[in-house]
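Undergrad: Same order as they appear, the protein sequences are chains A and B.
Its first residue numbered 1, the first sequence is counted upward by one per residue in this note's numbering.
Its first residue numbered 1001, the second sequence is counted upward by one per residue in this note's numbering.
Mixed in with the good hints there might be a few duds.
What the hints assert, rightly or not - Facing chain B, a subset of chain A residues (Cβ under 7 Å, in silico):
(1) Asp48
(2) Leu128
(3) Lys158
(4) Arg160
(5) Arg230
(6) Cys234
(7) Arg239
(8) Asp248
(9) Leu249
Unchecked claim - So these bits of chain A aren't anywhere near chain B, every CB distance computed over 10 Å:
(10) Asp44
(11) Ala165
(12) Tyr168
(13) Ala169
(14) Arg173
(15) Glu187
(16) Lys190
(17) Ser222
(18) Pro241
(19) Asp242
(20) Ser247
(21) Ala252
These are computed hints drawn from the structure, not numbers from a lab.
In this text, a Cβ means the ideal position worked out from N, Cα and C, and glycines have one as well.
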Amino acid sequence: MNLSSRAAAICAFALALATGSGPVTAQSKPEDGLALGRKMLAEDNPGDLWVERGQRLFTAKRGPKNASLEKCDLGMGPGVVKGAFAQLPRYFADTDKVQDLESRLLTCMVELQGFKREDIIRTRFGTLDRDSDMEALVSYVGAASNGLRMNVRLTHAKEREMYKAGEYAFYRRSGPLDFACVTCHGESGKRIRLQDLPNMTKAEEMREVVATGWPAYRGTHSTVRTMQHRLYDCFWQMRLPDLGFASDLSVALTAYLNYSANGGEIKLPGVRR
Amino acid sequence: MKGVSQFMSRAAASVVGLAGLVIAGCAAFPDAETTAKNTEQMVTDAHTLGAPALIRRSVQDTSQRACSMIGGSEGSAKLSQEQAASLVKTARDSIQYPASGKLSGDWKTGAQLVTDGRGQRIVNGQVEKLPGNGALCTNCHAMDPTEVNAGDVGPSLVAYGKQRGNSEAVARYTYERIYNAWAFMPCSNMPRLGTNGFLTPEQIAHVVAYLIDAGSPVNRQ
């Protein structure tokens, strides 16, 4: 799509968001309006533009090594994107690490294309002035699993180690606000202000959240955000220090959460506030 | 016979032991101690930006560690009676009061604080620059019944003062509960806003006034 169709899609999003969070009457709960807004958005998801751009970036010869990502092994064999999201994070023998989608793409962009790791990390989150290649690539790879079900396995010892680390981190309270993930995500049907909070200790809610969640087009950010950004944002709200991109801690939390979503039918990118 | 049966049971035990080893090698999760050690290292490695004082925010104090049990949250926190008593004592001992001695301040200043969700957030190793932290209350609590934009992770505080009055005892209880909720309910989801230095004693007193003053929107309806 060209720039004007992108602008139109974003306007449609803004309109739906405004409609969804408009005046709330005594008869309707505020979340009903928000749910309606999200439903309207899902029918015309601006995130599809990031999927298209991600596909172009994946197949284009880029970087100092003038190579595409068609030899990038995301766990399904070189260049195979279908089904990759469904089984991540997983263990990769070449790096001897458990990696999520973002950290694996980072490895491929450095090893295959010759990009500098610090450059990819510096531009990992898009701004209004600069699109992020990472956000586009994650959108493309995520959408390539649409219709499949989450199927994260814990067959390698390091995968089990990461899963348990993620569980430990989920319940670990720290910082000036004493928060752990479970503080806000341990009960169903709760909100921070008007924002619904998924209960991440309930598999049925996790299947929905993970399989239709991140990557997701965020209206208030006018871009697609990835799971790494979602976690970074949570740490920021918890008043903790910056969560390192592709850090083991971030991958551990994703391994724990994605595993609990096994069976969820993938529909990406999602749409969020 | 005794010797034989001893041999048999030893053999059986070693078969069980071998099976245990095989399971441990193939499919077992690491034990709790290993997981704790691994994850604490990951926490250290995950945070590299900012001054040491900011990085240290991710280090737990004793009370936070006690309130981090896996599978727990405030409702299901499985504390022994001793642990609970110790957490309550630590919390109670930490409570300090405003120099003025006034535990209920100005509700209008409180009104500004309760809806302010900002303060102390870190981006690229830098803390957001503000004259003071917001009190974050409406992130989780309904307070003014006409305000829609309020969360419900914590209980509604609508008509808080109307129900309890504004006596010195109510002011003191409310002040202490905000200063350190764990003095009343160990491992509560509510942050220890005073003890952690997130709010000053004077700010807390303003929030107390907002909750108990008869003129406050909390108690008007």
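Undergrad: Against chain B, does Ala252 (chain A) hold up as non-interface, every C-beta pair farther apart than 10 Å?
TA: violated, 6 Å
Undergrad: Was Pro241 (chain A) rightly flagged as not at the interface, with every chain B Cβ beyond 10 Å?
TA: Violated, because the least Cβ-Cβ distance between Pro241 (chain A) and chain B comes to about 4 Å, which does not exceed 10 Å.
Undergrad: Any CB of chain B closer than 7 Å to the CB of Asp48 (chain A)?
TA: violated, 29 Å
Undergrad: Run the C-beta distances from Asp44 (chain A) to all of chain B and say if the shortest one exceeds 10 Å.
TA: holds, 27 Å
Undergrad: Hey, does the Cys234 (chain A) contact hint survive, CB to chain B under 7 Å?
TA: violated, 11 Å
Undergrad: Was the hint right that Leu128 (chain A) lines chain B, CB cutoff 7 Å?
TA: With a minimum Cβ separation of about 16 Å from chain B (threshold 7 Å), the hint on Leu128 (chain A) is violated.
Undergrad: Go through the hint on Lys158 (chain A) and say holds or violated, using the shortest Cβ distance to chain B against 7 Å.
TA: This hint is violated: Lys158 (chain A) lies away from chain B, its Cβ roughly 10 Å from the closest one there, beyond 7 Å.
Undergrad: So is Asp242 (chain A) really clear of chain B, every C-beta pair being over 10 Å apart?
TA: The claim breaks: Asp242 (chain A) does not keep its Cβ more than 10 Å from every Cβ of chain B (closest is about 5 Å).
Undergrad: Does the no-contact call for Lys190 (chain A) survive, Cβ to all of chain B over 10 Å?
TA: violated, 5 Å
Undergrad: A closest beta-carbon separation below 7 Å is what the hint needs, so does Arg160 (chain A) meet it against chain B?
TA: This interface hint holds because 5 Å falls under the 7 Å limit.
Undergrad: Verify this label for me: Ala165 (chain A) is non-interface relative to chain B, using a Cβ-Cβ cutoff of 10 Å.
TA: Violated: least Cβ distance 4 Å, not greater than 10 Å.
Undergrad: Are all beta-carbon distances from Arg173 (chain A) to chain B longer than 10 Å?
TA: Given a closest Cβ separation of 4 Å, the condition is violated.
Violated hints, listed in ascending order, are 1, 2, 3, 5, 6, 11, 12, 13, 14, 15, 16, 18, 19, 20, 21; each of the other numbered hints is respected by the structure.
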